[in-house]
Each structure stands twice: as C-alpha cells, then as structure tokens.
Amino acid sequence: MAPAKKILLVEDERHISKGLMFNLEREGYDMALAENGESALDYFSQGGFDMMILDLMLPKLSGLEVARKIRETNIRFPILMLTAKTTDEDRILGFELGADDYLTKPFHLPELLLRVKGMLRRGDWYKEPVRNKEIFRFGKMWINFDTGKARGNSGEFHLTAKETLVMNLLASKKNEVVSREELLEKVWGYTSDTETRTIDNFIARLRKYFEKNPKKPVRIVTVREKGYQLVLGPDKS
Amino acid sequence: MSRLRRLLFHPVFIFVGIQIAWIILMAVWINWYIKNSLRFKEFAQKIKPELFTTDFNWVILLEGCVLMLIILAGVCLIFVYWTKQARLNQLQSAFVSSVSHELKSPLASIQLYLETLQYQKVSPEETREFIEIMLTDTERLAGLIENILEAGKSDVKSMQPQLAPLEIEQFLKELLQAYERQFKERGCEARLDIQDSPTLHADKRAIRMVFSNLLSNALRYTPEGGPITIRVTAQKKFCVIEFIDSGVGLVKKDLKKIFRKFYRVQDKETQGVEGAGLGLFISREIVKNHKGKIEVYSQGKGKGSTFAVSLPLDPDKENAS
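Residue numbers (this note's numbering), protein chains in the order written: chain A, 1 to 237; chain B, 1 to 321.
Calculated directly from the structure, the hints in this document are not laboratory data. Mixed in with the good hints, there may be bad ones.
What the hints assert, rightly or not - 30 Å max Cα-Cα, derived DSBU-like pairs, lysine-lysine:
| # | chain 1 | residue 1 | chain 2 | residue 2 |
| --- | --- | --- | --- | --- |
| 1 | A | K5 | A | K149 |
| 2 | B | K301 | A | K69 |
| 3 | A | K212 | A | K226 |
| 4 | A | K60 | A | K5 |
| 5 | A | K60 | B | K184 |
| 6 | B | K104 | A | K18 |
| 7 | B | K288 | B | K256 |
| 8 | A | K60 | B | K303 |
| 9 | B | K104 | A | K60 |
| 10 | A | K6 | B | K121 |
| 11 | A | K216 | A | K149 |
| 12 | B | K121 | A | K18 |
| 13 | A | K69 | B | K104 |
| 14 | A | K140 | A | K208 |
| 15 | B | K184 | A | K18 |
| 16 | B | K252 | A | K60 |
| 17 | B | K261 | A | K60 |
| 18 | B | K173 | B | K303 |
| 19 | B | K261 | B | K303 |
| 20 | B | K252 | B | K291 |
Claimed, not checked - From the structure, some residues in chain A lie toward chain B, with a derived Cβ separation under 10 Å:
| # | residue |
| --- | --- |
| 21 | R14 |
| 22 | I16 |
| 23 | K18 |
| 24 | F22 |
| 25 | R26 |
| 26 | A84 |
| 27 | T86 |
| 28 | L113 |
Unchecked claim - Pairwise CB distance ranges (calculated):
| # | chain 1 | residue 1 | chain 2 | residue 2 | range |
| --- | --- | --- | --- | --- | --- |
| 29 | B | G187 | A | L169 | 41 to 51 Å |
| 30 | B | Q170 | A | L114 | 46 to 56 Å |
| 31 | A | L169 | B | R205 | 52 to 62 Å |
| 32 | B | K184 | A | L114 | 31 to 41 Å |
| 33 | B | K184 | A | E25 | 20 to 30 Å |
| 34 | B | V16 | A | K212 | 29 to 39 Å |
| 35 | B | N89 | A | N153 | 34 to 44 Å |
For every residue, glycine included, the Cβ atom is placed at its ideal position computed from N, Cα and C.
For reference, chain A alone in the conformation it holds in the complex:
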C-alpha cells in the first residue's frame, strides 16, 4: 500500500484548521499544521510534503510571502491558496507569486477535496520518468517541459508546475483549439463546472512571458466560446 500523501496546512484560524484537518485526515492524508508564516517555512524546509494548503492572512509572515519564498527554491511544489481575499487583483497576485490553485472562503468541502486530489495527482504526474526530454522551441523562445526552464521575452526563467502543464498541453496540440474544460480537467484535475477564472489568470501570465504585446496576443490566442490555441506559424520573431 502506498504511503499516505503528506499535506502541510497553513491556517491561523483555529476553527477552520481543525475542520480541515478532520476532513483531510478522514480522506487518508497525513496532515501537519502550521499556524503562522514562519512556522510554515520551517515545516517546508524539513521536506517530505506533497502539497501545501496556504491561507494568506497569517501572523509573522503573510501567505503570499511564504509562497514567494518557496518558489525561490522550488517551482514545482503544489500550493493551493485558500483565502478570504476574493478580488481579481488578489487572485492574480496569488498566481503571480506561485499559487497553483486558488480557492476562496467560504468554500464547499467536496470542491476543496476534489482540488486537493487533483493537485496531488498532478504532482504524481510530475514525478513520473521524463517523457519529453526535448526542448520545445518557438521562434527565439523555448520551454524545457522537464525542468520548467524557459526563455521568454525577458530572458530565461522558470515556469511554475502548473504553467508548464498548461504550456505542455497547448504545445502538444499546437495550432488546435484546447477547450477550457480540457485544460481544467487535465491540468487542475477537476470538473468544468468549477471556477474557470483560474485559467484566464494563467493564460494572462503566460502571455506576459511569451507575447510581445500581451494585450494583443498572436501566439496564445483565445478562440471565442471554444478555448485557447497555441498558434505557431512561420517564425517571425
């Protein structure tokens, strides 16, 4: 029997953390709880966790800062932000600082459990042996789907795990339309009736990396009412 997945819950609201611990333990996960940002980083540095559920308004060190610090050393560690901050700006900032998924309070328990399951499944996918060692090139830009390293408008950088997955899916179907539902299912691991603004935020971020003018995209284009398409015509860049 495979060992239980280990999740680090970072939450300072006692009632919420108690309820979450109860439910996630019932689902068979091995749980650890950090009640402030600093102790979250301490736990993380000990290693062994498969994912993190991260509140944003935390004492000592904010959740955003925790995510930023983790991303400095680890771009793949799955982070689910669980927060009462619901504006688009908050969401975009959360994704920019390294969230793989973003769920707002109050939330539905089945949805949270589904998202956790999906994230852990994606995590496993990443641990599988390398399937695509080749570097995907488009113009002067490239992405290494194995390491997450990429070259965009502003030079070399690292994509986060989810960003790499989105680009991998778009690249595997280049010049074809990938529906939002397919992206949700294959990258986030949950059904299409859930929040879809997450995808919009990711696409906006990817455009910033790979488009000369992100407001007028020519590579990662939106196909109205269908989805997204990675357009790779003759190289002009």
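We have chain A already, so just place chain B on it with the hints.
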C-alpha cells in the same frame, strides 16, 4: 505599468501639475498682455477714444492676475476636498476588505462544519464539539454585525443609554462564562479580581458590547496560555473596570490612535489577527454616552496592555470629562 499610472495620477502629482500649468498660463497672459496692450490701445482709441480719458492698462492687467489667483484658490480648495475624499475612499476600501474577511472566516468555518456533518461519518461527541464551534462562530458573526450596525448609526454620540441597575460582579461572571470556550481554545486563564462590587446604572446591552470588545481583543492579542485579568475597583464616584492582558502590547504612537474609527495596528506580529477596526471606536462612544471614559496603558511592545473603563456610579450626577 498600472503602478506607474497610479503614481502619475496620485493627487499630489496632479495638484503640482495643475499649479505649474496655471503659473505658465499666468506668465503667458502677462507676457501676451504687455506685448499687445499698445496695439489694443491704438485700436481702441480709433473706435472709442473717450475710453482713454484715464489709463486702464494696469487695471486690466491686475484684473487678469486677480482672476487667475481666484481660479488658483479654487483649484486649491478642490484639491483639499479631493484629498479628503481620497482618504475616505481609502479608509472605506480598507474597511470593506477587513469586514469582508471578518464575515467570511466564521462563515467559512460554519459551512465547513455543516458540510462535514453532511458528508462525513461523525461520532456524537464530535458532532457536539462541531456544534459548539459553530455556535462560537455565530456569536463572532453576531458581534461583528452588531459593531457594524452601531458604527453605522448616523450619530452614535447622541444615542441615549437605557440606564438600569447593573450588578457588576454578576455581570462580569456571566460574561466570562459566555467566553469560556474561547478561553479554553486559547489556553488562556481568566482571572476575576473584584476589589469592590458596586451597583452601576448602565445600559446592559451597550456595556456588554464594550466589555465583549475588550475581552475579545485581549484574547486575540494574548499569546497562548497567557493570563487575562479583569479587575474591578471603586474610586470615589467611579467604578473602574480594567482588562489587563499579557499580550503583544502597544507602542506609544498607537496608544493615541487605536480608538479611531477603522484604525488597526499595522504590525508584523498582528497582521493576521482578525478585526475590523470598529470595536474600540464604538466602545469609546458607548462609554462616553455613559459619562465615563476609557483609557489604555501599555509599557510597550510585548509587555501587554490594560484597558481601563471608568463608569460613574450615578451617571445622572457625574461627568468624567
């Protein structure tokens, strides 16, 4: 880019820009007038020579300058009101953000436990515990809503308290009983130090709100296991109720500001602590309405705080201020 735009449209930059524009305009006006006044004079003399029995040149120039200055003063006035409005908007958005967080957290907790009961197999003991947690959260929600409604009343100051005899010892014991669970959760010890036990004349509901706010604050800012003392003493015509915590304490600059509406201490240690910045403001207004006063003392950061509420034994006769 948006940060740069926000910076460029900052009220101060816009104000400076408008001032520069007006100064340039005024300089252009003076320059243009001086250059062309002779030609105007000649032209006007041809049409209406009687106008030139007296010299109007300087009067017209002065009038133009005065007009400019009046417009400049108008712009200054608009700027003053604009910045005031901008500050109010900022306060309001900070308030909306913290209140929405305050509302969502207990709501999220209640929903989580209700769905746990719906989807998981839960033992009777666990069910009882979950219900108690939900009840605490509903109390937290009710307290917050009460604070918002109270602060939203157009004139808190003019509200007359409904005075009735209030046995302070019994009242505080009941209050602590209601907070038993929160004390247990935080591992904090509640100490009731009754040195005198007078009967007050106060609005029970309003004073309960004040003491609840002070007790909730003490619980929020006291580290786990720290003691919280409520001391009651009678001093001449006043009864002083002190809420003494062993929490994060307050620096001097915050001591003066914490009773302001929406004010919250910005500190690394307390950034995740719940609160809407209303409780102390409302508490002060309520105590003032009782002709009492509320004060705060702290030796500094990490040294705890004491909130002292002085209530007159007979508010009809006394005035604390």
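Going down the list of hints, with the structure as the test:
no.: 1; hint: A:K5 / A:K149; in the structure: 27 Å, holds
no.: 2; hint: B:K301 / A:K69; in the structure: 27 Å, holds
no.: 3; hint: A:K212 / A:K226; in the structure: 24 Å, holds
no.: 4; hint: A:K60 / A:K5; in the structure: 28 Å, holds
no.: 5; hint: A:K60 / B:K184; in the structure: 23 Å, holds
no.: 6; hint: B:K104 / A:K18; in the structure: 17 Å, holds
no.: 7; hint: B:K288 / B:K256; in the structure: 16 Å, holds
no.: 8; hint: A:K60 / B:K303; in the structure: 18 Å, holds
no.: 9; hint: B:K104 / A:K60; in the structure: 21 Å, holds
no.: 10; hint: A:K6 / B:K121; in the structure: 22 Å, holds
no.: 11; hint: A:K216 / A:K149; in the structure: 25 Å, holds
no.: 12; hint: B:K121 / A:K18; in the structure: 16 Å, holds
no.: 13; hint: A:K69 / B:K104; in the structure: 27 Å, holds
no.: 14; hint: A:K140 / A:K208; in the structure: 15 Å, holds
no.: 15; hint: B:K184 / A:K18; in the structure: 15 Å, holds
no.: 16; hint: B:K252 / A:K60; in the structure: 21 Å, holds
no.: 17; hint: B:K261 / A:K60; in the structure: 25 Å, holds
no.: 18; hint: B:K173 / B:K303; in the structure: 26 Å, holds
no.: 19; hint: B:K261 / B:K303; in the structure: 25 Å, holds
no.: 20; hint: B:K252 / B:K291; in the structure: 26 Å, holds
no.: 21; hint: R14; in the structure: 6 Å, holds
no.: 22; hint: I16; in the structure: 5 Å, holds
no.: 23; hint: K18; in the structure: 7 Å, holds
no.: 24; hint: F22; in the structure: 6 Å, holds
no.: 25; hint: R26; in the structure: 6 Å, holds
no.: 26; hint: A84; in the structure: 4 Å, holds
no.: 27; hint: T86; in the structure: 7 Å, holds
no.: 28; hint: L113; in the structure: 9 Å, holds
no.: 29; hint: B:G187 / A:L169: 41 to 51 Å; in the structure: 49 Å, holds
no.: 30; hint: B:Q170 / A:L114: 46 to 56 Å; in the structure: 51 Å, holds
no.: 31; hint: A:L169 / B:R205: 52 to 62 Å; in the structure: 59 Å, holds
no.: 32; hint: B:K184 / A:L114: 31 to 41 Å; in the structure: 34 Å, holds
no.: 33; hint: B:K184 / A:E25: 20 to 30 Å; in the structure: 22 Å, holds
no.: 34; hint: B:V16 / A:K212: 29 to 39 Å; in the structure: 35 Å, holds
no.: 35; hint: B:N89 / A:N153: 34 to 44 Å; in the structure: 35 Å, holds
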